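S.K.: Chain by chain, the residues:
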Amino acid sequence: MKKKSEKKRVFQGVEDMPISAISESDMSWNKTGSWRNVRPLYDTKTSPCIAGCPAETNIQGYIRLMQENKYEEAAKLLWEKNPMPSVCGRVCFHPCTEKCARGGIEEPLNIPSIERFLGDWALDHGIKETADAEAAPGATVAVVGGGPGGLSFAYYMAKKGYPVTLYEAKEKLGGVLRYGIPEYRLPKDILDREIGRILSLGVNAKTAHDVGQKVSVEELANYSASFLAIGLQKSRRLGLEGEDSKGVMAGLAFLKSVTAGKPGAIGRRALVIGGGNTAMDVARSAIRLGAEVEVVYRRTRDEMPAIKDEVEEAMAEGAKFTFLAAPVAILGENGSFKGIRVQRMELGEPDDSGRRRPVPVKGSEYEIAGDSLLVAAGELSNAEAFGKVIEMTNGLMVTDDVGHTSNERIFAGGDVVTGAATVIEAIARGRKAAKYVHAKLTGVIAEVEGEKKIMSMSDINEAYFTPTNRVATAHVPLETMRDRFGEVKQGFAEDDVQKEIARCMSCGVCNACDICWMFCPDAAISREDGVYTINYDYCKGCLICQHECPRGVISSEREDI
Amino acid sequence: MSQCILPDDELMSPGHLGCQGCGAGNAMRFALKGLGPKTVIVMPACCWSVIDGPFPHSAIGVPVFHTAFETAGSTASGIKAGLVMRGDSETEVVAWAGDGGTFDIGLQALSGAAERNEDFIYVCYDNEAYMNTGIQRSGATPLGAWTTTTPTKFPKENPKKNILDILVAHRIPYATTTSIAYPEDMIAKFQKARSIRGTRFVHIFAPCPTGWKTAPELTIELARLATETLMFPLLEVFDGERYVVSKPRRIRPVAEYVKVQGRFRHLTDVDIERMQKEADRNWRRLLAKEQVSAAEAAN
Amino acid sequence: MKIVMEGNHAVSYGAKAAEVDVIAAYPITPQTQIVELLSEMCASGELNAKFIKVESEHSAMAAAVGASAAGARAFTATSSQGLLLMHEMLHWAVGARLPIVMANVNRSVGPPWNVWTDQNDTLSQRDVGWLQVYCESNQEVFDTVLHSFWVSEKLSLPTMLILDAFYLSHTSEIVDVMEAEEARKFLPPFEPKQFLNPADPLSFGNLTAPDAYYELRYEIDQDLRRGIDLMKQADKEFEKLYGRSYGIIEEYRTDGAEILLFTSGTITGTSRVVIDEWRDRGKKVGLVKMRLFRPFPVDDVRRICRSAKKIAVIDRNIGFSIGGIWAQEIRAALYGSGYYRPVFGYIAGIGGRDVTPDTVNEILEHVEHLEKPDQDVYWIGVKHEPVHSTR
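Protein chains in written order, with our numbering: chain F, 1 to 561; chain E, 1 to 299; chain Y, 1 to 391.
No lab work stands behind these hints: they were computed from the structure.
None of these values were measured; they are calculated from a predicted model.
Some hints here could point you the wrong way.
Below, simulated DSS-like cross-link-like pairs (lysine-lysine); rule was C-alpha separation at most 27 Å, straight line [to be verified]: (1) Y:193 to E:38; (2) F:3 to E:38; (3) F:8 to Y:193; (4) F:4 to Y:284.
Simulated DEER-style distance windows between Cβ atoms [unchecked claim]: (5) E:270 to F:8: 37 to 45 Å; (6) E:265 to Y:36: 55 to 63 Å; (7) Y:43 to E:294: 53 to 61 Å; (8) E:117 to Y:126: 32 to 40 Å; (9) Y:43 to F:527: 36 to 44 Å; (10) Y:303 to F:8: 55 to 63 Å.
Note that the Cβ used here is the ideal one computed from N, Cα and C, for glycine as well.
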């Protein structure tokens, strides 16, 4: 190596010059950083999967830990945002996967199966957590509703060290997770274990305690703060005559009966009204009970709010779908259901949901025969009792975006606030509310999360990713899917999950791939233990590092002159 | 993404005078990582003569002997002989020349040295024109390119000289093409070259944003595109006859390479079509050579 | 050991005695025997050196530069066109301060092709910074190889030793050669101070701005001047060991001379005979043999010319439009001497045209006849068409 030079050597006279142009020292005196007019910087961005998740689960983060075989740390990182990954990996509509940038190379990562693997691993290995001692001294907390929203809130508060009392109206905890989603999608054993993990942190669950009936709403005033997440317990009715006759059931009620082991009678041919997840759950449960199923939905397949996988599986299991039709009359005989009359629809202007409104086609009515009618046309709130203590609108609880209600000590979240939404969103709201409740109780202002820069597909440098197809997960064969209530999707084996997570590109987050360090023409980036530093004394601002970074970690800004 | 295996040591100091995004900067950095400190570089007039910095400084951490433009091959022959006569047979002598000093003015000395199978590594880092003197055309300038001596009204009228074929014709033990977009390949090739005796020729593709009129951040991508569009295939030729050709993971149309470069801005679709045909033809020839040489080796 | 050999072979034996490490050479008439014999010596192992059979003279000097930069004793030989082709690299050897020694056989420059002797090839290299030593005999050639390395390695500047085409290169004379072991008493092994060495990774020749280049050239100029005393010293040391001496200028029968005749190369040998004749006739003439051309021995020339009345110079070369080059240099040397002597410049022997005792006589008579020259240059023996009175 040449000697390092502090500054450019200037000779005083010929006497101290060498005999010819002989150079002993290097060029480090020459701070070429002065050439720049733009400068690169390491600027960690939010991965699109994380940005796509309503709960902001740190998917990139836990995958990275899994790549390093640090499953326990990965699970704990995941739990920081979602305490029920084994459940969500099975039932979530996975907007994360829709956003996964790997889709621009070949296919998105199978995030649900990865999350499920991790959740199950943590349960199987009995990974324990202990409560921290951060609770406001003497504070007590109540939760009303043992569904995903309530359980989430309870978990985060208990984790901080608060004594939490959870009131659940039904016999068991879980809410829609138990009573709405069937066994073949979410085995109750898994649900129980995940709920058990939450309770073990110090949650006192009082099942069969209906707040509003058995327990008065005013009781909540005994707690320092409460969180209401009672969901939507009422089924929307069609409003047609004969809706209470034999053979006509609300979808939720039907599912509840299936869970209880005493399914309602549906005969040989069941008609299902609706296009959401409940409708799919109802249809596929009916199939498993041996019925031929026809789903009638007033819009087209594209507008169905149900998770696409569920629709595909329902079709694969043999459900017949009739689109652009809505019932106009229930047909009965001797008080028993025998069919419906439907009217064809066509799509008109978009409605409030942004979807095109179904418009009846005059003179297009016809009849569909069936032994039972299962109505899964939406859920409504039954939260009137709480109107005494908080503001409500159209049956829904009014909150701001973090869960404050009109009552200082009451927070709310989940479907009872948003209207019918998703499990993950309820979980997210539970966590957010917990953060703000904790802030309120301790008097420490909650940190507001700043604007996040989300990595976009154009930041990916495709050259560094060899197309590799998604690793397949095991799946019960189609032929046998409909014959059992056993879990249809089987998830990953460990070898396979490692292969699948190897496809993660770590969007927007540095994973020490060395590419920036490697390609700097000026050797102006140094690396140490996976941390990179740009030496701005020398960086000329060529931005090769930014352009080559496979995952968009490097941003650039104009140099201040 | 696995950790790359480039050695840590930096034998090139920052503060050198390469332009922003200089491909030659990458080339030198990778080459030095592959060669190590027991190296003497002999450097004829080229961009690096200036990039290395002014007396009494030098950005390169190994000894460098600056020499006249056309003498890389001859001076290197002398240096090697001198070192061996002093009892040092281990230090690798490396000629480091641009395309001018290799394809054109330096071709005689290189050919003479190759014919004598002089024991040194000759590196040509190719930016496809006389960049150091201000972007004039060289024998390495591709057909149709703008340079200051081939303005857009009369762009380069002859195809790029095939220097690898010329060196292969001398039957030297090792001749190879590599590129700054593939540092692991380049470093492995330098390490391999070190283990072979005789004349070894390494042709490095090193884009020049200043001369090609491209944005500085695209330098690596251009090199990658050149290989993926088959404009600059990566291969090795052993003993003038055995070909080993690297197949790019994906092959892209020449148009993608051409369209981002200002020096090709004036090309029409017909011109690009012609370039595509030529690149394809050349690729087929290479694959055929590889097959023939594999068949012969099997016998 | 005395051997009858041609001048070219004297060069080869000289290089062998000097134990050169690296030879890089390209053949050219009339130098070829130098490299042929050296090739044999290397092949047989009597000389342990690497012989790089380069593909041109430019490459020969480049390779010698490389070898010398690596710290090896480097040698080459050429002539005429080859020397001219090397021109760029002659500068390089000087700027890089490399003690390369080269033997050049003085051959005329084309076009048209001419293989006979004159001095234009070397004299036109006068400003590059190489030392130049002109030899009169094959023995002198052998000895000068050793002197050249001795001086070059102390100065870190290259030297060319020069011999006439055919008259020396291909003419056999007795040469007393010595083996390397004996020569080592005079010329120790080369010990370069700075050379290409990964253990001390210096770089050589980086871009240098006016703020430093000027001083580097100043250093060359100052060091080249020291070559005069060093050449004298080399000659003395050599004489002590081996009994032979040439000086940097030889004064032959110059005591009391009124006319001094300056010559170089083999014309000197011819002129000695004529000077003897004139002296026998009682004429006050003397001969000055110029051996060292660069650095030009200004002080010695001034000293020698002071006591004479007229100076005559025979130039076997031409500096187009300004006369013979030796004459020009001598006039320039005398300019600052404080005294004036007329300098008669004669051109003879270009292209190998014979310079006989008659030629020298003609010159001396011409000088004797004129008080001072009426032309700045006289071309001896140019053929002119006879003048016809009518056509």
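S.K.: All hints, please: hold or fail.
M.R.: A quick look at each hint next to the structure:
no.: 1; hint: Y:193 to E:38; result: 19 Å, holds
no.: 2; hint: F:3 to E:38; result: 16 Å, holds
no.: 3; hint: F:8 to Y:193; result: 24 Å, holds
no.: 4; hint: F:4 to Y:284; result: 69 Å, violated
no.: 5; hint: E:270 to F:8: 37 to 45 Å; result: 52 Å, violated
no.: 6; hint: E:265 to Y:36: 55 to 63 Å; result: 58 Å, holds
no.: 7; hint: Y:43 to E:294: 53 to 61 Å; result: 40 Å, violated
no.: 8; hint: E:117 to Y:126: 32 to 40 Å; result: 38 Å, holds
no.: 9; hint: Y:43 to F:527: 36 to 44 Å; result: 54 Å, violated
no.: 10; hint: Y:303 to F:8: 55 to 63 Å; result: 48 Å, violated
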